[in-house]
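*Asks:* Construct the complete structure from the given sequences, taking the supplied hints into account.
The lines below spell out each chain.
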Amino acid sequence: MPGMLKIIFGNLFKKRATRLYPFEKRAPFENARGSMDFAHMENCIFCNLCAKNCPPKAITVDRANKRNALDPLRCIQCGVCAEACPKKVIEMRGQYNEPCYAKRTHVAAQVVKCAQTPPEQK
Amino acid sequence: MGIVEKSRLKSPWILHYDCSSCNGCDIEILACLTPYYDIERFGILSKGNPKHSDVLLVTGGVNHRNKTVLKNLYDQMPAPKVVIAIGACGSTGGIFHNCYNILGGADKIVPVDVYVPGCPPRPEAIIDGVVKALDKLKHLQNGTWKEPETGPIVVETAVGAKPAPAAKYANAAPAPTLNSQPTNKEA
Amino acid sequence: MVKSTITFGPQHPVFPEPIQFILKVVDEKVVLAEPQIGYVHRGIEKAFELNDPKDNIFLAERICGICPAPHTTAYVRGVESLMGIEAPPRAKYIRTIMNELNRIHSHILWAGLLGDAIGFESYFMQTWNYREKVLDAIEKISGHRVTYAMNAIGGVRRDMTNEQLRGLEKTMDYVESSLENIEDVMKDYTIKKRTQGIGILTEEEARRDGAVGPTARASGISQDLRTSGYDAYGDLKFEPVVVNNCDSYGRFAVRWQELKQSIDLIRQCIVKMPSGEILTKSNNPMNGEAISRVEAPRGELFYYIKGNGSKKLERVKVRTPTFANIIPTVTMLSKGCQVADVSVIVLSMDPCISCTER
Numbered sequence: 083m084p085g086m087l088k089i090i091f092g093n094l095f096k097k098r099a100t101r102l103y104p105f106e107k108r109a110p111f112e113n114a115r116g117s118m119d120f121a122h123m124e125n126c127i128f129c130n131l132c133a134k135n136c137p138p139k140a141i142t143v144d145r146a147n148k149r150n151a152l153d154p155l156r157c158i159q160c161g162v163c164a165e166a167c168p169k170k171v172i173e174m175r176g177q178y179n180e181p182c183y184a185k186r187t188h189v190a191a192q193v194v195k196c197a198q199t200p201p202e203q204k
Numbered sequence: 114m115g116i117v118e119k120s121r122l123k124s125p126w127i128l129h130y131d132c133s134s135c136n137g138c139d140i141e142i143l144a145c146l147t148p149y150y151d152i153e154r155f156g157i158l159s160k161g162n163p164k165h166s167d168v169l170l171v172t173g174g175v176n177h178r179n180k181t182v183l184k185n186l187y188d189q190m191p192a193p194k195v196v197i198a199i200g201a202c203g204s205t206g207g208i209f210h211n212c213y214n215i216l217g218g219a220d221k222i223v224p225v226d227v228y229v230p231g232c233p234p235r236p237e238a239i240i241d242g243v244v245k246a247l248d249k250l251k252h253l254q255n256g257t258w259k260e261p262e263t264g265p266i267v268v269e270t271a272v273g274a275k276p277a278p279a280a281k282y283a284n285a286a287p288a289p290t291l292n293s294q295p296t297n298k299e300a
Numbered sequence: 034m035v036k037s038t039i040t041f042g043p044q045h046p047v048f049p050e051p052i053q054f055i056l057k058v059v060d061e062k063v064v065l066a067e068p069q070i071g072y073v074h075r076g077i078e079k080a081f082e083l084n085d086p087k088d089n090i091f092l093a094e095r096i097c098g099i100c101p102a103p104h105t106t107a108y109v110r111g112v113e114s115l116m117g118i119e120a121p122p123r124a125k126y127i128r129t130i131m132n133e134l135n136r137i138h139s140h141i142l143w144a145g146l147l148g149d150a151i152g153f154e155s156y157f158m159q160t161w162n163y164r165e166k167v168l169d170a171i172e173k174i175s176g177h178r179v180t181y182a183m184n185a186i187g188g189v190r191r192d193m194t195n196e197q198l199r200g201l202e203k204t205m206d207y208v209e210s211s212l213e214n215i216e217d218v219m220k221d222y223t224i225k226k227r228t229q230g231i232g233i234l235t236e237e238e239a240r241r242d243g244a245v246g247p248t249a250r251a252s253g254i255s256q257d258l259r260t261s262g263y264d265a266y267g268d269l270k271f272e273p274v275v276v277n278n279c280d281s282y283g284r285f286a287v288r289w290q291e292l293k294q295s296i297d298l299i300r301q302c303i304v305k306m307p308s309g310e311i312l313t314k315s316n317n318p319m320n321g322e323a324i325s326r327v328e329a330p331r332g333e334l335f336y337y338i339k340g341n342g343s344k345k346l347e348r349v350k351v352r353t354p355t356f357a358n359i360i361p362t363v364t365m366l367s368k369g370c371q372v373a374d375v376s377v378i379v380l381s382m383d384p385c386i387s388c389t390e391r
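Residue numbers (my numbering), protein chains in the order written: chain A, 83 to 204; chain B, 114 to 300; chain C, 34 to 391.
I should point out that these hints are in silico values taken from the structure, not numbers from a laboratory.
Below, in silico cross-link-like pairs of lysine-lysine (BS3-like), each with a Cα-Cα straight-line distance of 25 Å or less:
#1 B:LYS249 / B:LYS160
#2 A:LYS185 / B:LYS180
#3 C:LYS203 / A:LYS97
Away from chain B, derived, C-beta distances all over 10 Å, residues of chain A:
#4 MET86
#5 GLY92
#6 PHE95
#7 GLU112
#8 ASN113
#9 CYS129
#10 LEU131
#11 LYS134
#12 VAL143
#13 CYS167
#14 PRO168
#15 ARG175
Every residue gets a Cβ at the ideal spot worked out from N, C-alpha and C, and that includes glycine.
*Replies:* This is the structure in C-alpha cells:
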C-alpha cells in the first residue's frame, strides 16, 4: 500500500471531495432528467400521445374529466413523453421527485373557470 | 426518549438486498458510501448481516425466487425496523411491470415505510429517503406517528379565462382556449 | 478427507448482486463450485415481445444498470438492420463516445470493487471518487447518471454541443491524471500477492470454455469486437489489449490499460466528430432476422432479433458476456483455490448477474 500514501497525505491538504448533501444542495445540470411535470397544463389537448409512448405506462389520460394522472413511483424519467407531446405541456425538471411515505398519484386537472371573473386583475 | 432509542436514530445500520434489480440502484447505493456522498458522516453503515441492521433497502421488483429470501431477511432483523423501497422497480415494478417473473414491488412481500422514486434514484434522493425513514422511526418511538394521506395530489389549472396575455399585449390576438373554438372568418 | 459444503450467498456482503455459489470444500480448498442462479431473472426477453419496439430501448437499458450503453446500442443496431436503415455518422460518433464513457465508468467501478474484496478500502474510495467525475460528464451529456436513454432507433436522442465536447475533453484530462496517481497500486506487493497466480485460466481453457472480453484477453486471446469496426470504431486507431498473465492480475492489467485506451478513443472521437443530422426517421416494417454484436465492458454482447412484419418483434434473444464467462469461472474455481480467494476470483471476471439472468 505505500503507493497510496502519497494520495492519502495529499488528501489531507486538498479540498474535500464530499458534497455536503443535505446542507449544501447541488444545482441540477442543464437538461438533466429529474422528474416529469405537467408544466403547461392549460395547453393540453388530451391527445393521449404521452400515455401511449410512455414505456412503463405510468401516465393515464382521462379525456372526459380533463385530467392527466402520473404515477411518480412508476415513472422512469426517460423523457419520451416530453418529446412526444405536440403542445409541449410536459417538461422534464432537473430536480428529482421527493421520497414519500405512501403511494400517491400526481393528478393535473384542467378546471374551467368562469370567464367573467378573471383571477388576476390589478 | 432513552439513550438506546436516541442512539439508534443517530447511527442506523443499513442492510441492502437486491431483489432482481438491474444494478442501477445498487451502484447508486454504493455511491452513497463513497467520498462524494459519504453517508458515514451520519453514522450510517452498510452491513451484510440482517441481525445487525435497522434499515432494509430493497431494490428491484422482487421475483418468485427472491421473495422467500426477502421475507427471511426482514424477519431476521431486530424489532424497530424500517424498510425502504428504492427506485421505480422496488416501488411498483416500474419498467418491468409486464415481465412474467416480477411481482411488482417490495410491498407485496414486506411492509414498506418509504418509497424512493427514480430510475435509478440519485444518491441525494436515497439519502433523503433514509432521513425520512428515520423520521418515521422517531415518530413511532414517540407514539406521534400519523398515517399519511393516500389520495391523489391534484393540481388544478384554470382554463377558459386567460386575461393576462391580453392585458399585457393589448393589440395581440386573444390566446386560443379550449372553450373558444377558432372560427374561419373567410368561410 | 471429509468434504464439507459451504453456501456463499445469495445475500453476501461481497457481492452486490444475489448469486449463490455452493462450494464443496476439503479443509480450506475448494474442489467443486456450483453456481445457483435465478435470483435476478425477470423475463425481459418475453417482455421484449409484448412491448412496442421503441419502448424496448428502455427495457434493454435496464437489463444491466452498469452497461446500459452497449445494450441499447446492440438492440437499436439490430432493429436498424431489420428496417434497412443506418444511423447518421454524427449519431455513430455520439454512440461511440457513450459506449467508451460507459467502459471507463464500469472499469473504474470494477477496480474499486476488487479493492473492496481484497480489503483495500482506501483504494475503493479513491477509485469511486474518480468515477463520480465520469458520471458527472455522462449526466451533462445525457441528463442522467446511470441510465442514459441516448440511443433511438435510427440515431441518438440528444445532440452534443461544442461546449459539452470541450467539457468532456477536460474531464478526460482529469480522469487520466487521477488514474496516473493510483497506477502504483498495480506494482503493490499486497495486490500482487492477492491476485498473481490466483484464478488461473490458460489460453486453451479460455478457448475451450468460450471466455470473452477482458477475461479472454488476459489469457492471451486477441479478441475484441471493436476491431470489426461497427459504429465509429472503423475510423479510430486502436489495438486490442492482450496480456499473457492468465490470472486475476492479468485481468486487472487488461482493464487498467483499457481505461487508457478508452480515454484515447474518446479524444479521437472528439477530434473527428462530424457534423450533421443525428436521427434517421423510418417507418419500414421489421421483417426477417438480424444479429448484432457489440463489445460491452465485460466482453461480447450478442442480440438476436426476429421480426415478422407486424408492429411488434417476434423474438429477442440476448447473450451477455457474463453468461459466456460463467463456465471459465467455474473452471478457475474448481482448480483448488482457497475459500478466501473465491470472492477475488469471481470478481476478477467482473460478474454482472442481472445481465446474465435478464
